[in-house]
Amino acid sequence: MLEHKLITKHIGNIDPLSIDDYVGVGGYAMFKKALGMTRLDIHDAFEASKLRGRGGAGFPVAIKLMAMAKETRKPKYVICNADEGEPGNFKDRYLMENNPHQIIEGMLIAAYATGSSHGYLYIRGEYAQSMATMQQAIEAARQAGYLGSNILNSRFDFDLEIRSGAGSYVCGEEFALLESIEGKAGRTRVKPPFPTAKGLFNQPTLINNVETLATFPVIIAMGGEAYAKIGTPTSTGTKLISLSGNVRKKGVYEVPFGVSMRKIIEELGGGVGAGRKIQMIQLGGACGPIIPEYMLDMVIDFERFEEFESKTGAGAIIVIDDRHDMFAILEQVSEFFTHESCGKCTPCREGNVHMRNVLRRFVNKTATEQDLLMLENQARVIHQTSLCGLGQTAPTAIISTLHYFRFDYLNRIEDSMQEVA
Amino acid sequence: MPTITINNLEVRADAGMTILEAARAHNFKIPTLCHYPDLDIKSDCRICVVELIGQKGLVTACSTPVYEGMAVKINSPRALNARKAITEMILANHDAECTACVRNMNCELQRLAESTGIVKNRFESILEVKPVDKSNPSLVRNSNRCIKCGRCIDACKTIQGIGVLDIAGRGHDSDVTTAFGKALADVFCTYCGQCSAVCPVGAIMEKDSTDVVWEAIDHPDKHVIVQVAPAIRVSLGEELGLALGSIVTGKIVAALKMLGFSKVFDTNFTADLTIIEEGHELINRMKNGGKLPLITSCCPGWVRYAEHQYPDLLDNLSTCKSPQQMFGALAKTYYAQRENLNPKDIFVVSIMPCTAKKYEASRPEMSYNGQDPDVDAVLTTRELAKMIKQMGIEFENLREQKFDKPDEVTTGAAAIFGATGGVMEAALRSVKEILDERPLEQLEFDRVRGYEGIREAEVTIKGETVKVAVAHTLSQAKKIADDIRLGTSPYAFIEVMACPGGCVGGGGQPYGTTHEKSRERIQTIYQVDRLMKVRKSHDNAAVANLYSNYLGEPSGKLAHTLLHTKYTPR
Numbered sequence: 001m002l003e004h005k006l007i008t009k010h011i012g013n014i015d016p017l018s019i020d021d022y023v024g025v026g027g028y029a030m031f032k033k034a035l036g037m038t039r040l041d042i043h044d045a046f047e048a049s050k051l052r053g054r055g056g057a058g059f060p061v062a063i064k065l066m067a068m069a070k071e072t073r074k075p076k077y078v079i080c081n082a083d084e085g086e087p088g089n090f091k092d093r094y095l096m097e098n099n100p101h102q103i104i105e106g107m108l109i110a111a112y113a114t115g116s117s118h119g120y121l122y123i124r125g126e127y128a129q130s131m132a133t134m135q136q137a138i139e140a141a142r143q144a145g146y147l148g149s150n151i152l153n154s155r156f157d158f159d160l161e162i163r164s165g166a167g168s169y170v171c172g173e174e175f176a177l178l179e180s181i182e183g184k185a186g187r188t189r190v191k192p193p194f195p196t197a198k199g200l201f202n203q204p205t206l207i208n209n210v211e212t213l214a215t216f217p218v219i220i221a222m223g224g225e226a227y228a229k230i231g232t233p234t235s236t237g238t239k240l241i242s243l244s245g246n247v248r249k250k251g252v253y254e255v256p257f258g259v260s261m262r263k264i265i266e267e268l269g270g271g272v273g274a275g276r277k278i279q280m281i282q283l284g285g286a287c288g289p290i291i292p293e294y295m296l297d298m299v300i301d302f303e304r305f306e307e308f309e310s311k312t313g314a315g316a317i318i319v320i321d322d323r324h325d326m327f328a329i330l331e332q333v334s335e336f337f338t339h340e341s342c343g344k345c346t347p348c349r350e351g352n353v354h355m356r357n358v359l360r361r362f363v364n365k366t367a368t369e370q371d372l373l374m375l376e377n378q379a380r381v382i383h384q385t386s387l388c389g390l391g392q393t394a395p396t397a398i399i400s401t402l403h404y405f406r407f408d409y410l411n412r413i414e415d416s417m418q419e420v421a
Numbered sequence: 422m423p424t425i426t427i428n429n430l431e432v433r434a435d436a437g438m439t440i441l442e443a444a445r446a447h448n449f450k451i452p453t454l455c456h457y458p459d460l461d462i463k464s465d466c467r468i469c470v471v472e473l474i475g476q477k478g479l480v481t482a483c484s485t486p487v488y489e490g491m492a493v494k495i496n497s498p499r500a501l502n503a504r505k506a507i508t509e510m511i512l513a514n515h516d517a518e519c520t521a522c523v524r525n526m527n528c529e530l531q532r533l534a535e536s537t538g539i540v541k542n543r544f545e546s547i548l549e550v551k552p553v554d555k556s557n558p559s560l561v562r563n564s565n566r567c568i569k570c571g572r573c574i575d576a577c578k579t580i581q582g583i584g585v586l587d588i589a590g591r592g593h594d595s596d597v598t599t600a601f602g603k604a605l606a607d608v609f610c611t612y613c614g615q616c617s618a619v620c621p622v623g624a625i626m627e628k629d630s631t632d633v634v635w636e637a638i639d640h641p642d643k644h645v646i647v648q649v650a651p652a653i654r655v656s657l658g659e660e661l662g663l664a665l666g667s668i669v670t671g672k673i674v675a676a677l678k679m680l681g682f683s684k685v686f687d688t689n690f691t692a693d694l695t696i697i698e699e700g701h702e703l704i705n706r707m708k709n710g711g712k713l714p715l716i717t718s719c720c721p722g723w724v725r726y727a728e729h730q731y732p733d734l735l736d737n738l739s740t741c742k743s744p745q746q747m748f749g750a751l752a753k754t755y756y757a758q759r760e761n762l763n764p765k766d767i768f769v770v771s772i773m774p775c776t777a778k779k780y781e782a783s784r785p786e787m788s789y790n791g792q793d794p795d796v797d798a799v800l801t802t803r804e805l806a807k808m809i810k811q812m813g814i815e816f817e818n819l820r821e822q823k824f825d826k827p828d829e830v831t832t833g834a835a836a837i838f839g840a841t842g843g844v845m846e847a848a849l850r851s852v853k854e855i856l857d858e859r860p861l862e863q864l865e866f867d868r869v870r871g872y873e874g875i876r877e878a879e880v881t882i883k884g885e886t887v888k889v890a891v892a893h894t895l896s897q898a899k900k901i902a903d904d905i906r907l908g909t910s911p912y913a914f915i916e917v918m919a920c921p922g923g924c925v926g927g928g929g930q931p932y933g934t935t936h937e938k939s940r941e942r943i944q945t946i947y948q949v950d951r952l953m954k955v956r957k958s959h960d961n962a963a964v965a966n967l968y969s970n971y972l973g974e975p976s977g978k979l980a981h982t983l984l985h986t987k988y989t990p991r
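In order, the protein sequence lines correspond to chains A and B.
Per this note's numbering, the very first residue in the first sequence carries number 1; after that it's consecutive.
Per this note's numbering, the very first residue in the second sequence carries number 422; after that it's consecutive.
Since the hints were made in silico from the structure, they are not lab data.
Please read all numbers here as calculations on a predicted model, not as lab measurements.
Take these hints with a grain of salt, some might be off.
[As the list claims (entries may be wrong)] Cut-off 30 Å, straight-line C-alpha distance, at most; resulting in silico cross-link-like pairs (DSSO-like, lysine-lysine):
(1) A/Lys74 <-> B/Lys900
(2) B/Lys826 <-> A/Lys191
(3) A/Lys198 <-> B/Lys541
(4) B/Lys678 <-> A/Lys198
(5) A/Lys365 <-> B/Lys541
(6) B/Lys603 <-> A/Lys184
(7) B/Lys477 <-> A/Lys198
(8) B/Lys900 <-> A/Lys184
(9) B/Lys578 <-> A/Lys191
(10) A/Lys50 <-> B/Lys603
(11) A/Lys184 <-> B/Lys541
(12) A/Lys365 <-> B/Lys505
(13) B/Lys712 <-> A/Lys184
(14) B/Lys684 <-> A/Lys74
(15) B/Lys823 <-> A/Lys191
(16) A/Lys198 <-> B/Lys551
(17) A/Lys70 <-> B/Lys603
(18) A/Lys229 <-> A/Lys50
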């Protein structure tokens, strides 16, 4: 079995809106178990689990928990980042709409472990169904006494609210998300300080992705060591993969780290359509690298993916078959970032426009060698100097194709010269 | 004290310093653009990127704190290339017609382009030309030159607590603008001009008056006279290459004569007059149960702020005109009579450290005949410097000259008007001595001096304790005004100046004005005061003559007609 269902285990077996169903399969028991543990024990479990954030950056969860524990200022906040705006990603939505209580339970454990009293679930503006489901689940949890004050007579208080932006991609970036919750425009902040020191309303704040928080009850259930045995030594546990593009069976799949992308595409996704060939895939979403077909045997692993100057991303695999013009895809990606840049820092605000304009010339077959050199320089500078993750990763697709598909660029320039002639 | 390596040199830095601060302390200059000493660190422009050894990306020197063992390279090829490319990107979305810009040769972006070695911009221009907003009486905004550094936003929001400007839109469409893109005349701008003083380029600047002044000077029938505000003499030198804190009073007079002004007068004269009128107003209000606290009204930015935000407190404002407007009113009446001139032929220019003074001069009540303005044109310190440069005057070599009569008699009290707390101190010197009916033992009122946002003092006048307060910047003024509104204000007399440090830090002062420089100018101002023979306004013989020859009694009928004004809720 390629799939390894840990956090999606109950999906399909329970009614997402029924708290009884969730409790029936052992739901909220892990929160109760956590209440019986010391904060240090919980931290140790996460440290042993080697769990890394599932939102894209892969930051070790235990380090954030420890940073939060050290903060004495109150109130502290726990935020679930459900602003799944990255094109090609839909696994957080899948979790929210199919097992909302597991996310609430994860937030409860996080809040208890960090001494936080209030939580926000920041849900992407376009996710109306997720918002409705989560809202009902929150109300049910409150009714059942899992949210509120003195929860289960433990003298632990925690409550939770949903917030949403107006659909801006950058609001998935943690600082822009904080600004948005505070009622300001979604633009990132200068760092340091980091959110665990000065986050929401300048208070200590833990921000984690939906999938990360949904893993919390799993780790409490099985223990950190057992969890760490799944996956690879450096990338432990399972990962939700959002599989899309030119593939037969698109969807969300939970696999252990260490599985090859080819297996995911072929065995879970059923491969590409008849008579088609995989040309390339984009990993992680619009912000991820585009790699050639011959690299598909590479396994899903944080370390391996860092070779692309990008992280694993949130686990999207977008399959692109041989019908597509790479430059048209790159132009679309670039247009996306031009549109979504918040405008705060120079390289992202200005640079994305220039990259898009150059890419248009490649699409129109009017590109020159100078364009190639400029694009290369622009992409490097924007990647290296942008203020937040949006700008830093906006050129990833370009940088990766300049590396793996350089001949295509050179050929297109040659085509351009012939068109002119 | 962490030890860090900059380029290949090991240096000590203070804990808590940023890379930029540590580098500057050791004479490494890292270029910056959005960074401004008194404003928040934004790290938006990304110009100050340096290579941090062991890290993949580049980091901004302005926002990254140092740590033990840190190693940075300021000028690695990677950092240099990035800095150059970012500068090119900015220029590609900037109206780079430098020769047609007021900031030509005095522009931070231009200097950056030069220092990053840009010969030809490799980036194609993506500028979409927008109309220039000239609606505001004091300021002009040309968003085609705006580089979105955010300094003006911070100055307005953080220093002044107003927030007329902000970023709207996102990405390439983001723009520094007013609410709903309204004209700068239609939003609550106090005209203080702090935005224009911190702008690194020519995107927001004072409305130019140099052309009309040149025309007036050239006009055969115009008698063009000029007044010079107290704060100019300690700041103009900086703009013309002299050391910070130089006192250039005599050189200014000489330069203005060379520019072609018929007479050069000192606003200090009417500053003393303001003290006499305002002092009597305070005495009258204290004696007769009038509205207290009395708040100074010589700062037009503050007056505009009060008219807009505190219309219920307008009765607290002194009805005295500002020294600039007292001068204007007297020039078109008293001076016209004395010199036997038709007031319509007199063209009054003032040199002010202030952009709001342009607005003040245009207020309809500031007119001797209900039609023509008392003050015809207001030049900022920067505009005067520009005219001196245009004329090719070698300022530093000028021989000092004296102001024209009758204003050559000035006092230390008038001189300190330029510093926060100065009007208060000048008023106290007069009010206390007049009411106590005996000479002051101590001329300096140290408690109202200093740089704290709000300072308070208790002064014993005629056996009674009088509480006074001084506030500078409008965000501080707000606190004082809120207290008055709540009825919890303990003060009898309050001085408010809209700009940091008072007029020395005015919105029309030389580019690069910081708290540090303003403090320096304030020290120079107190030095001017110490060197004066006469240091109290009511000892100014020329002012006394003006009353006996023309005005009559202080606060009298003619004084009220000419020297007092009224305010309008807005």
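Quick rundown of the hints versus the structure:
no.: 1; hint: A/Lys74 <-> B/Lys900; verdict: 28 Å, holds
no.: 2; hint: B/Lys826 <-> A/Lys191; verdict: 59 Å, violated
no.: 3; hint: A/Lys198 <-> B/Lys541; verdict: 43 Å, violated
no.: 4; hint: B/Lys678 <-> A/Lys198; verdict: 58 Å, violated
no.: 5; hint: A/Lys365 <-> B/Lys541; verdict: 25 Å, holds
no.: 6; hint: B/Lys603 <-> A/Lys184; verdict: 20 Å, holds
no.: 7; hint: B/Lys477 <-> A/Lys198; verdict: 25 Å, holds
no.: 8; hint: B/Lys900 <-> A/Lys184; verdict: 25 Å, holds
no.: 9; hint: B/Lys578 <-> A/Lys191; verdict: 21 Å, holds
no.: 10; hint: A/Lys50 <-> B/Lys603; verdict: 54 Å, violated
no.: 11; hint: A/Lys184 <-> B/Lys541; verdict: 39 Å, violated
no.: 12; hint: A/Lys365 <-> B/Lys505; verdict: 28 Å, holds
no.: 13; hint: B/Lys712 <-> A/Lys184; verdict: 41 Å, violated
no.: 14; hint: B/Lys684 <-> A/Lys74; verdict: 66 Å, violated
no.: 15; hint: B/Lys823 <-> A/Lys191; verdict: 55 Å, violated
no.: 16; hint: A/Lys198 <-> B/Lys551; verdict: 39 Å, violated
no.: 17; hint: A/Lys70 <-> B/Lys603; verdict: 47 Å, violated
no.: 18; hint: A/Lys229 <-> A/Lys50; verdict: 10 Å, holds
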